[in-house]
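K.L.:
What follows is the residue order along each chain.
Protein chains: 2
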Amino acid sequence: MPLVPKLSHATRPLTFEVEALNERGEVLPTAIAGEHPLTLYVDKREIVTLMTLGQAPEALAIGYLRNQRLVRALDQIAEVQVDWETDAVAVSTRGGIEGLDGKMDKRTVTTGCGQGTVFGSLMDEVDTIRLRDDVKLEEETLYDVLDAVRRHETIYKSAGAVHGCALASGSEILYFVEDVGRHNAVDAIAGRMWLDGVDGSDKIFYTTGRLTSEMVIKTAQMGIPFLVSRSGLTQMGYQIAAKVGMTMIGRAVNKHYLLFTGRERFIKTIMPTMLA
Amino acid sequence: MPLVPKLSHATRPLTFEVEALNERGEVLPTAIAGEHPLTLYVDKREIVTLMTLGQAPEALAIGYLRNQRLVRALDQIAEVQVDWETDAVAVSTRGGIEGLDGKMDKRTVTTGCGQGTVFGSLMDEVDTIRLRDDVKLEEETLYDVLDAVRRHETIYKSAGAVHGCALASGSEILYFVEDVGRHNAVDAIAGRMWLDGVDGSDKIFYTTGRLTSEMVIKTAQMGIPFLVSRSGLTQMGYQIAAKVGMTMIGRAVNKHYLLFTGRERFIKTIMPTMLA
Chain A
4 MPLVPKLSHA
14 TRPLTFEVEA
24 LNERGEVLPT
34 AIAGEHPLTL
44 YVDKREIVTL
54 MTLGQAPEAL
64 AIGYLRNQRL
74 VRALDQIAEV
84 QVDWETDAVA
94 VSTRGGIEGL
104 DGKMDKRTVT
114 TGCGQGTVFG
124 SLMDEVDTIR
134 LRDDVKLEEE
144 TLYDVLDAVR
154 RHETIYKSAG
164 AVHGCALASG
174 SEILYFVEDV
184 GRHNAVDAIA
194 GRMWLDGVDG
204 SDKIFYTTGR
214 LTSEMVIKTA
224 QMGIPFLVSR
234 SGLTQMGYQI
244 AAKVGMTMIG
254 RAVNKHYLLF
264 TGRERFIKTI
274 MPTMLA
Chain B
4 MPLVPKLSHA
14 TRPLTFEVEA
24 LNERGEVLPT
34 AIAGEHPLTL
44 YVDKREIVTL
54 MTLGQAPEAL
64 AIGYLRNQRL
74 VRALDQIAEV
84 QVDWETDAVA
94 VSTRGGIEGL
104 DGKMDKRTVT
114 TGCGQGTVFG
124 SLMDEVDTIR
134 LRDDVKLEEE
144 TLYDVLDAVR
154 RHETIYKSAG
164 AVHGCALASG
174 SEILYFVEDV
184 GRHNAVDAIA
194 GRMWLDGVDG
204 SDKIFYTTGR
214 LTSEMVIKTA
224 QMGIPFLVSR
234 SGLTQMGYQI
244 AAKVGMTMIG
254 RAVNKHYLLF
264 TGRERFIKTI
274 MPTMLA
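So the sequence lines, in the order shown, correspond to chains A and B. Mapping the first sequence onto my numbering, position 93 (from 1) lands on 96, and the numbers just tick up by one. Mapping the second sequence onto my numbering, position 23 (from 1) lands on 26, and the numbers just tick up by one.
Heads up, some of the hints might be wrong.
Just so you know, same-sequence chains aren't split out, so a pair can sit in one copy or run between any two.
Said to hold, decoys possible - Restricting the straight-line Cα-Cα distance to at most 27 Å, the calculated cross-link-like pairs of lysine-lysine (BS3-like) are:
#, residue 1, residue 2
1, Lys-47, Lys-106
2, Lys-160, Lys-258
3, Lys-139, Lys-47
4, Lys-271, Lys-246
5, Lys-258, Lys-106
Everything labelled a hint here was simulated from the structure, so no lab data went into it.
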């Protein structure tokens, strides 16, 4: 039986109501997104303070450690306890983390919304990543995913000011996580994938956020070959996606998209003449 | 004569063109925003690597040090040299930075797009901030600023994937900076304000990004009483703005806005009946 970490389940209230005065002089009750500091401790050592919506703090902590390469496998983690009284998440490992000091020495502040910090030399790892080349994405599946995301109930619709990420298997949304930082949302999905033993190698990752270098790196690290965003991309995001051979699609809204890299995995199924 | 730092002027190309395949099967040349790592050294000590568009790297470095409270006055900085061969910006100080180790010890990874890291205990400073209460913002001025921002030529219009910030004096835009990380854009404006001796105490700060805790803190630190965004806000952004008495306006697009905090500085000049 695999070693499963013991978890708290400490979700925060996600929205709050405040008053705002609009251009008509009306006082409107307005929903706003929560934002909470959450300080991550690993074996009682302080690692970082994340600012989070608090939707999935345990998965966030696990995914953060995974995506920062501070933890290499889920069975290294014995327990994850979130305590909102002290705004802290305490992670206990089995046997500690080797070379933690060295990894924490070099931090890169990255472009993305959200966490913005990458420990160690993640960029060096990009060269070693191989994404599966025997998986395909059909155009119709892409549209199905976009439609499923659009129909999803979200904090964004009620309060704005959050980014959303989804992991899809074919047309089915497996996870949908929102956070005030989009990288928290990515990390929370990475954490849930580990907890549920979900393999990324044939999955589709959707984000509302921009395709910057760190977003592409994190997707590649999770072994996911398909990355879709409703937003645009940066030059470095493009370069890294091209390098690892990721199928990356930007500006994907309704029936529009731009396929940037990894065209060989994409199967066009709808004739242009069939589009409105 | 005040001591002025010696600066390089090393702007990067801001957009690049790549090919993308759209839903009609057409190959489109598509502009994308640049994204470059820029490692900041202070007196040869590595501080952080920022991911930046590279529009105003010297002002970014200065504003970063200002907003992180690592440098307290511009005359502490002797020289700022950006070298894109090595992706580095070297800052030389006059007399070093006191307590740098202690300040770098505590880093908070914040919610915002962009830099995401706050050194030291910036939150503690919030209590000491007093914004001017003898300045007002007329509704018409707000609309003028929104209109000026809308008409501004931007990387966003051509390539997307960037955030913009502007500093306005009345209806006039003094600075407009874009970056792949919105906090870089804020910091670059903070840097330019120092370089030009511009006081923030009667200015309007506009951002395309969300009003999260760190955006509000940075605006307050610059002494700016008016913060305007086309996006929404978070609970912590709201709480801090209310605490420091900032006049904060969200969802400001065209003739719409939501005034959240600091209503006493806002003067409504247009009757609701005059709105379309």
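K.L.:
Which hint numbers does the structure go against, in order from smallest to largest?
P.N.:
3 and 5
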